[in-house]
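Peer 1: Chains as they are written, first to last, in the numbering used here: chain F, 1423 to 1821; chain C, 1423 to 1821; chain A, 1423 to 1821; chain B, 1423 to 1821.
No lab work stands behind these hints, which were simulated from the structure alone. Please note that a few of the clues may not be correct.
The list treats identical chains as interchangeable, and a pair is accepted whether it falls inside one copy or across any two copies.
To be verified - For lysine-lysine, the following DSS-like pairs were computed, each having C-alpha atoms within a straight-line distance of at most 25 Å:
(1) Lys1734 - Lys1707
(2) Lys1617 - Lys1734
(3) Lys1500 - Lys1444
(4) Lys1810 - Lys1660
(5) Lys1784 - Lys1817
(6) Lys1565 - Lys1446
(7) Lys1817 - Lys1660
(8) Lys1803 - Lys1487
(9) Lys1734 - Lys1622
(10) Lys1544 - Lys1728
(11) Lys1622 - Lys1600
(12) Lys1789 - Lys1626
(13) Lys1810 - Lys1488
4 protein chains.
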Amino acid sequence: MTKKEKIAFGRLNQMRNDQIGKNKKIRIGFVGGGPNSFIGYSHRLASRFDNRFEFVAGVFSRDIKKSISFGQSLGLSKDRCYDNFITMAKKESQRGDGIEAVGVMTPSGDHYKIIREFVANKVHIICDKPLTATIKDAVRLEKLIKKSKVIFALTHNYSAYPMLREAKEIVANGSIGKINLINVEYPQGYTVGVKRKDQKNTLKWRLDKRMAGPSMILAEIGTHAYHLMRYVTNLEVKEVAAEVNSISSEVTVDDNAFLIVRMNNNARGSIWVSSAATGGENGLKIRVYGTNGALEWFQDDPNNLKFTELNKPTQIITRASSTVSEFSIRSSRIAAGHPEGFFEAFANIYTEFADSIIDYKKNKKSKLIHPSIQDGVKGIKFIFAAKKSSNLNSKWIKI
Amino acid sequence: MTKKEKIAFGRLNQMRNDQIGKNKKIRIGFVGGGPNSFIGYSHRLASRFDNRFEFVAGVFSRDIKKSISFGQSLGLSKDRCYDNFITMAKKESQRGDGIEAVGVMTPSGDHYKIIREFVANKVHIICDKPLTATIKDAVRLEKLIKKSKVIFALTHNYSAYPMLREAKEIVANGSIGKINLINVEYPQGYTVGVKRKDQKNTLKWRLDKRMAGPSMILAEIGTHAYHLMRYVTNLEVKEVAAEVNSISSEVTVDDNAFLIVRMNNNARGSIWVSSAATGGENGLKIRVYGTNGALEWFQDDPNNLKFTELNKPTQIITRASSTVSEFSIRSSRIAAGHPEGFFEAFANIYTEFADSIIDYKKNKKSKLIHPSIQDGVKGIKFIFAAKKSSNLNSKWIKI
Amino acid sequence: MTKKEKIAFGRLNQMRNDQIGKNKKIRIGFVGGGPNSFIGYSHRLASRFDNRFEFVAGVFSRDIKKSISFGQSLGLSKDRCYDNFITMAKKESQRGDGIEAVGVMTPSGDHYKIIREFVANKVHIICDKPLTATIKDAVRLEKLIKKSKVIFALTHNYSAYPMLREAKEIVANGSIGKINLINVEYPQGYTVGVKRKDQKNTLKWRLDKRMAGPSMILAEIGTHAYHLMRYVTNLEVKEVAAEVNSISSEVTVDDNAFLIVRMNNNARGSIWVSSAATGGENGLKIRVYGTNGALEWFQDDPNNLKFTELNKPTQIITRASSTVSEFSIRSSRIAAGHPEGFFEAFANIYTEFADSIIDYKKNKKSKLIHPSIQDGVKGIKFIFAAKKSSNLNSKWIKI
Amino acid sequence: MTKKEKIAFGRLNQMRNDQIGKNKKIRIGFVGGGPNSFIGYSHRLASRFDNRFEFVAGVFSRDIKKSISFGQSLGLSKDRCYDNFITMAKKESQRGDGIEAVGVMTPSGDHYKIIREFVANKVHIICDKPLTATIKDAVRLEKLIKKSKVIFALTHNYSAYPMLREAKEIVANGSIGKINLINVEYPQGYTVGVKRKDQKNTLKWRLDKRMAGPSMILAEIGTHAYHLMRYVTNLEVKEVAAEVNSISSEVTVDDNAFLIVRMNNNARGSIWVSSAATGGENGLKIRVYGTNGALEWFQDDPNNLKFTELNKPTQIITRASSTVSEFSIRSSRIAAGHPEGFFEAFANIYTEFADSIIDYKKNKKSKLIHPSIQDGVKGIKFIFAAKKSSNLNSKWIKI
């Protein structure tokens, strides 16, 4: 092991192991995420991953019996399993050992009213995306959060992969020069072959525009693509031209979007998000091209980053290897070569949320490394702009 | 070796070896393709590949000394090296052993007037793309070819890769169902970092709109992408919305295009072609998604085709393996596992051109397996439609 | 979502989420794994992953202050941080809430004496590999475990990847026919460039044969390779011919081994394990060839399994997709397409260990899905046989 | 295009285009390679590829009618189609325009007696591998060639891939330091599932030890693997321990070999060659590990070379890109990004053979870039040593 490797290895160990040191675990509850919810499971595992949270309460069903049954199976005590968020917010606020943070993974249309209850009690919020189902809700939620000063994190989990973050760092340190082109694609296939009679089973509340907003596919994964584009490049999308369609014949909501974007630095980009790409599982990929180099990251191969400097061979930079940045290695848990995946990235958001809360408790201004309320609001505005463009026959719309 | 393999191997051997049988080699000349021309070299090698043509004449320079010097170095006799196509057409037509076919790889703006001379003498034409620099030239060239009935082949060479053709066959036999989505990308990087003073060196006649038409990138590779999209799917692009830009700061021509398309069966698609994608070499990829399956072919890995049936594992179909179609295997020369590449595909077009000429000589209607004059005309209309769309702020334009 | 997908998705959710139901969490302690130990961290995270263990005690240093400091930082109470395993075994056995299980990740040479103490108190054992540093220790440990009837699990974590297990299932159901050839490779590079003065830093106790056994590389990763070979094929290695060397010039222990093996069904195989393969990170790969098909799994791409039936295209089977086996999907936590990695596999061993303990408590015979004491003993015999072969100039040695 | 790229592109064009300049084409004939012979086709195409040979004569069958029929279909004149090599050698030597070179692709057992006839007439020889079926033949062929001073080339075609040659250059310039480990594998699957009654169809003369030597798989691809190992590293194999088997149950010849080797610089290596690796197509891969770096080349992806410097990210060096060596680019024909394949590599051997002949004609000592008679002799000694080792239960045997 060379000195460089030792440093890398040391950095790795210091950062992201499970030592909480003198900090206590943060008491957290969840609203949403019942027995068959993948996203509920993901949030709970992410909170447990780095030993930073103690899971103590939750609403898992509107039927109190079901909520208790599920909560107890997760190890909660009966009296902290609730059947609605209002009761939960109230009861928890009355306890000495009540929750300090809450994870919200209900349909987006309910986010505002749920979060409002908890913020009133100074509970910190970690919320699934998209932020809300309307711009109005997004904006008033932003005001609420700003005013209350609680910590707010949005789980744009893909932005927390170590090598995606390495891409962000490489852009930030100028190694690829001025960005000229960006391409993000996310071709999934889950609506292909869905029959009309089954779509409720597959898409659930996503069929209800009051809950999911105006465009299923833009809400589900369009916001992820849009966020990654902004996150890696540190640029903003100025305007968008979109063709958003319901492609699968028996599906009634948008399941494909082709977008062209103009960035605030005059770069151009394209986004493709779909659930109509037959056979597609995840396939999230981002490519960024600058005057001096290019980057490519692909979620199917998340531990590698392709970095090409102008007129040089492409380099495959591996996670936690000796040349990666401090930020990337802090987002990583295991030495180079062993694969990390989805849950580690998700856990990064939770652990950074914990760090923000600890800063809050110490009256320190947090760096808010995780996605913020502003990111959430922009995501909603993006959905509405892209949908509007599509409705206007792909007219360019400012975000 | 199983019976199936033996058949496959037999098919392979019968088809594309170098046996010309009782047919004589076809005498061919070339217009264009001087000492440093990659495309000239490619055409000559492609014509030689399958032993079907005898290369006997050419124009390689407007300076007769240079043309002779280069022609002789290629093995031509001095008197069949010309300094202009008019002399060549005339002199060759007066010989008993004059050329029967001509390959044209000059700037597109010159195609019409060159081809006209040779067609007048019933010389068959194989021409590089794009067909012309204007719609007017394309249309009158089409009329000319139709009227004269000579064979015309356009070298959309990518369409002749065996596994791209396997994709076409799989679509044609209905295995992926009705096509819903298509994505073609071709991100090259050759204009990145080009200085204003050097762009003439890099782009040559492509800077001259009279020669190259209204959009460099659309002409250079946009037409390839558009042709592949049509070729594999057997669908037509009905309309296009485009954002075409000159991205590289010191380059004066279009070097990036993002396109969204609507197909005549109501499928949607997107095309991205670029020479501004830093570090990009070729990267030509096509993906097609239908109601029952999907296909993906990538020129960087040309001997494999990804085929995914709905709810089944992706299959990697390899070139010349025992399950591939007759058409694919006829386009192939070596047993599965050994890599074929660019030149074999290019040679397929030449050999199919030879087959068409032999049919012509026998008064048989040729199947014209290679790209045709109609493909060429459509390509030009596509360029103009896409450019117009971009000029009108990405308005949808019918092709 | 088709019916098949729904079933797959349902299976996924039922199996490996964090519901412990009516079972209580199992109280666990750890011996070994101090502040800079990657393996200690891995064990702790794996135990926490599925919500099945409560981490309550440990020995992290022989210096009680250090042990307490580290234990507390992990959330332990002071009185359950010990400075040696004898005290820990004794004190924990005297508590009503003492540990029910212990994870052992000390040098192999200490395993026997540590485990003996805990087994005496009917504490269940999960132990890192290789089992011991001598055959003698391995054999008497096996006797001890058998006699005591406590649950014993060995953390051959690679065998718990879902798609490696899918390979095992495909072999078991006969889909590849009789196995003829097996190849396992694990080319790492961590001893390359290590200076004599630094090797103690890199290799630590692995330099001490009393702790690590007769061959560093065979103990470190040779046993993993050997176990995977047996695990996937359900065959045994009958004899081995080996060339084991210390390749890196300043390293004093074995860092490369090329092995040829003969299996009990007469198949042949080869194993290559190395830490002298410059630039190698992990690169663990297994390939199995039978009369009707073949399988390939690669830890760098752990969510995919290549499956080739004779004369058919290779299929890429993806983790948790609708066609995978019950066993594979039970070993998986997230829907197809999102990457899982190293820690999920490690956690599978822990969760199966928990399942075995619950069976034990219920007086049910456990299926012992995780690697067992017998696997551990075989691994040690393999190390000694391979080393002996190498010492005898690659003579074939029976295991 | 940068200056560096221009140079690269210029180099490319100068080198391997089809300009023969003032040199005349070399008249060549072939012995072997009838209607269904893949190797015959490959030799003919390779000779035609770079415009350097004129194919004028051949023996394609012992039946003169068949030989004429096939020869004429290839464009030969009737009187230069022969039914045996003795007549061909004699008649051609009597013509003013007789062959100057001959390609030999008969069974190895016939090589010596055929070549002897042509060498007697000072005809240059290009011969398929393995050189002979016995060491005796190999040694006397070497003497013959040395004495006669004709040019002799052996078609170890894999050694002529541009990026394999780039690997050789990188080793030669010291960039990976002292070589410590080498691994070559070539797992094919063509004997799997072959029935006893069909093996003659599949393996033909390879079943006859007098023609094919003592070990089918070692002769067929073992010699390629061995040659590549020597070629890339510039090292020699000192001794070998081998396990060579007939694995497929109905096949009577060797179809799998696992080898361990010790190199003359004390490096260690392993070779695996097989036709029993179910589903394997070609899969030829070489990996070389040195004190400062490592290289990996894979024939399935022949245009890329992986180069890893110690503690740096792996680089993917692409064929003909601006950083590759003169030797690699001279072995290449098209700009980076477009795939080259098997035939280009094969053609390199032919073109280098032509270059050697031209040097010979000019009384210049040729550099003999292509594999030589010595390479051929070593290959045969390797086969016999490996087979002997296997017969002696994998005892180490010196080559």
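Peer 1: Report the numbers of all earlier hints that the structure fails to satisfy, in ascending order.
Peer 2: 5, 6, 8, 10, 12, 13
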